Amino acid sequence: MTVVLQQGINGIVLGSLYVLVALGLTLVYGVLVQINFAHADIVTLGAFSAYFFMHGLGGGYIPSIAVALLVGGILGWLMNAAIFAPLREKGSELLPLIATIGVSVMMENAMLAWFGPIPYAFDSPYSNHVMRLGGTFITLQNALIIAVSAATIALLYAFMKFTFLGKALRAVAQDRETAGLMGINPNQLVMLTFVIASALAGMAGAMLGPVLVLTPFAGTSVIVKAFAIVIIGGFGNVEGTILAGLVVGLIESYTTQYLGPGMIDIVVFVLLLLMLAVRPTGLIAERREENV
Amino acid sequence: MTMRLRIRHIAAGVIVASVLVVASARAEDKTIKIGALLPISGPGSYFGAQDKQGIELALEQINKTGVNGRKLEVRYEDSGCSPLPATQAAKRLIEQYKPDVVIGEECSDATLAIMPLMEEANVPLLNAGSSSIKITEPGNPWTFRIMPNEVMQGVDIATNAYKRLNARTAVLLYENTNAGIGNAKVFNETFTKLGGKILADIGFGRDVNDFTSIATRIAGLGAVDVIPTYTLEGQGLKITQALAQAGVTKGGGGNAIQLGTIWLPFGFEQKAGKAALGYIRIVQFDPTDQRPAVRDFIAAFKAKYNQEPTHLHAHAYDQITLIADAIKRGASDPKSIRDALAATKNFSGVTGSAEFDKTNQNVKMDTVHYMETQPDLSWKALKWN
Amino acid sequence: MLSRRAAYLCATLTIAVLPLVFPDAYWRTNLIVCALNVMLAIGLDFVLGYAGQLNLGQSAFYGLGAYASTLLIMRLGLPFWVAFAAAVAFAGLAGIVLALFAMRLRGHYLAIASLGFAVITYQILLNWISLTQGPLGIYAIPPPPTLALPGLPPIGFRNLANLFYLVAGFALLSYLLLDQLIRSPIGETLTAIREDEVSAAALGINCAAWKVFAFGVGSAVAGAAGCFYAAFVGTLVPDAFFITESFTILAMVVVGGTGTLIGPVWGAILLTVLPELLRGIGDLRLVVYGVALTLVVLFIPGGLAQAARLALARLRRAEAP
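Protein chains in written order, with this note's numbering: chain W, 1 to 292; chain F, 1001 to 1385; chain D, 2001 to 2321.
These are calculated hints, taken from the structure and not from any lab test. Keep in mind the model is a prediction, meaning the values are calculated, not measured. A few of these clues could be false.
To be verified - Residues from chain D that keep clear of chain F, each with C-beta distances beyond 12 Å, as calculated:
hint: 1; residue: Gly2107
hint: 2; residue: Ile2129
hint: 3; residue: Pro2145
hint: 4; residue: Ala2148
hint: 5; residue: Glu2197
hint: 6; residue: Cys2207
hint: 7; residue: Tyr2229
hint: 8; residue: Leu2310
As the list claims (entries may be wrong) - Reference listing, derived: stretches of chain D covered by chain F, where coverage requires no fewer than 3 residues with Cβ under 8 Å from a Cβ of chain F:
hint: 9; region: 2022-2029
hint: 10; region: 2133-2144
Unchecked claim - Covered stretches of chain F, as calculated for chain W (at least 3 residues, CB under 8 Å):
hint: 11; region: 1206-1216
hint: 12; region: 1235-1244
Beta carbons: idealized from backbone N, C-alpha and C, even for Gly.
Please put together the full structure from these sequences, using the hints given.
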């Protein structure tokens, strides 16, 4: 049945989309044990940066992804320097989260005042190019999303496992004090984490710009599900996030097929609550257990 | 009488006369205060921004000479497209500005919330953006609507689909809002009563971005003749592209025709590309209309804003010109404006003509224009009304 | 410092006088919204500031209270105050259910779980159209019925001043109730849980039970606010209870000061009135909102309450030689 197969493909595309957004969140949580509510807005701003680079400055699509990556990285640097670092001194668990809520409200409404509410039609050269095989189809843009998602995951994995910086990051995630004693500067590494995570978010924005309805609220349409994915997969656990992202994507496409789009959020969040009740550490058991 | 005394008398007379002239001119120079309750912040600000442009153009043109010696003035308040902010904005407007007439809102929920306030304050409300039947059906004497409501549009397009397009199967696609659900329901009832069959009824939230799954589901349903689609431009664009990608609609090599009745402005095709081929929709503003009033409006709009006007601009423009028409017929305060609006005949706006029935709904069907998207992405007017 | 009794008297007098200071409908509407937000804020503060649980689901309880009472009144024809009591109990029960469910969770997990609860509630209100009318909305909701007290002329609640007195009165009552709870041994228990849950458990405190209790109380207060919201606005749509509402209430609590009960009252008033005063600058007023929240968290995490205390301390130091 081609419909079932096609919905499977659609689900993987959606999943890759969510993973791109959720990766940054999970990275930040893994190393800093912090949730950044403004992550969604970095995605949105990344999308707008790419859009204006292409349509305002006449740049190409691929370079615009690099631009978005840069913009995301800079925003991450700013947020860490201005918010997370100072609050870390105070040792509060919830204050940084609340601060990021404030930043999110600020960014969204600033974008609204700046860009306006009318959706921007962001077309990449690939968004309308359709590839067909058998009875199934996929647009080149969506195929690109899957490819970039996979590549990012692979690169991240390699980085964490094989490079010195990556190992240092994992050390800081496990035990910050001891890592400090080992000669690693935890603050610099934390900053690096933030910058990488936000750069990823910016890049995700550039990839998603052609797919999302591009308004200042574009990021928020994805972020709540991204949070759900991060929890279902296990906070701070990259493999879990990937698995959960794909699962949620598939749930979305099959729910649309057999129930209806209105039920998607309910199904996903009931799953989230079930996971929290039954297995709060996530799909793949994770080392950090203090919040349970 | 000495010369000096005579001059003094004449001077006094001139002064008194000029004072009288100025005084009487001032008495005539009353401005008509128009309140505008529009969504200026939040996701609905899409509407408010465009409405304002249309209003400003109309004001500019009318105030060059005024109407019956009066100028029109507008004060904007942000009603946010939802009941509580709309209620607050309406109260602020009524208390502080004391308008003679109010135009607004765009979103049905907000309009329904402010209607009782207008009635209580005895100020006429002129609406051109909300399609819910609940706005006029109960028969509120102070609320007027110039755009065709969801029943007028829905019955008309469903009947035309069955009779002129020979459609027998349909899939309903709509956003989960008052307007979306209401419009889909009317199509459903009319179409099934004529003998057509609804193969699927798919409602989606305003936060859905990817429509490939929905398009896939429709593709799996077999032969579909028409797909009535009720949603805003942002999601509408994605739907049209997804349906073409899935090979369902004409733009993608299939046979289904998308039908629409709300909110897809001219310029949509340029964004959707080939995918929009064959789209038939009701629009409340026909930019190919050859009437001189419409040509003049488009020219003036382009000159002022350097863009093509949408139906939002046109509706806002018509609201002001209709009020000016009421003033021309002698109205000058809330009650007389209300009465003049109710008695409107022979008014021709850029969206069509206006004549209100007992429930203050404009019943002229020439406000319902049908357009079909051509292969070169232009609009062809189908003269179905 | 004023004694507590004097403070309450002050508050009562202020409430009595406010509608007289603001005789127009626009500002009276704002006063009522203030009172509603005060209830929501102190309800959340009880859970967050005193029990230490970050509950992002307050919008859900607000909505459940509103819909429950409205449906009971309009579908079953129950009298207002009966529906009110039932809706408050229902919201409280929902809070207890969430707490029971999230019993083992803390910190961020609890926050996200409560957010998930808020999302699900919103989606149910939106999609269960046969019950709630969903986005079609419920209209013409009547205000509370006219009170006929012996010896007094009948008090109608279409009159905004009277409605304000009613809502503000309930806000004051809620404040009193929560204040009493906090000053009792229960308050100490909750504070112990907030400061260090492990040690509290070691002391023999049943942390889970008390967390459930705190949630129940906080959500019941939110539910009460919901009932008044419906009767006041007269129109009910699910969008009024979207999750951003939870963030707004959180902002009020944090800006006001989480560790105190009076702080959130000021936070609620400030963050209700500020956007109205800033209407002149249009879109940017919501940016100011976000900026205010961020700056407070960064520089005065104790909120207005802390700022007030610091200012008073500075004054006293200036007075003393």
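Nearest-CB test (12 Å) between chain F and Leu2310 (chain D): Non-interface label on Leu2310 (chain D) holds, nearest chain F Cβ at 34 Å vs cutoff 12 Å.
Claimed coverage, the region 1235-1244 of chain F by chain W - three or more beta carbons nearer than 8 Å: holds (count 4)
Beyond 12 Å from chain F, beta-carbon-wise, is Gly2107 (chain D)? Since the minimum Cβ distance to chain F is about 27 Å, Gly2107 (chain D) lies beyond 12 Å and the statement holds.
Given as non-interface: Cys2207 (chain D), partner chain F, CB spacing beyond 12 Å: At roughly 37 Å from the nearest Cβ of chain F, Cys2207 (chain D) sits farther out than 12 Å, so the non-interface label holds.
Given as non-interface: Tyr2229 (chain D), which should sit over 12 Å from chain F by C-beta: 8 Å, violated
Confirm or reject the statement that Ala2148 (chain D) sits farther than 12 Å, beta carbon to beta carbon, from all of chain F. Given a closest Cβ separation of 24 Å, the condition holds.
Regarding the assertion that Ile2129 (chain D) does not contact chain F, is the least Cβ-Cβ distance greater than 12 Å? 8 Å, violated
Please count how many residues of the region 2133-2144 of chain D have a CB within 8 Å of a CB from chain F and say whether that reaches 3. That given contact holds, which follows from 5 residues of the region 2133-2144 of chain D lying within Cβ reach (below 8 Å) of chain F.
Holds or violated: is the Cβ of Pro2145 (chain D) farther than 12 Å from all Cβ atoms of chain F? Non-interface label on Pro2145 (chain D) holds, nearest chain F Cβ at 18 Å vs cutoff 12 Å.
Stated coverage of the region 1206-1216 of chain F by chain W [criterion: 3+ residues, CB within 8 Å]: With 8 residues in contact (Cβ-Cβ under 8 Å with chain W), the coverage given for the region 1206-1216 of chain F holds.
Quick one: see if chain F covers the region 2022-2029 of chain D, three-plus residues with Cβ-Cβ under 8 Å. holds (count 4)
Taking C-beta pairs only, is Glu2197 (chain D) more than 12 Å away from all of chain F? Check passes; 36 Å lies beyond 12 Å.
Violated hints for the displayed structure, listed by number in ascending order: 2, 7.
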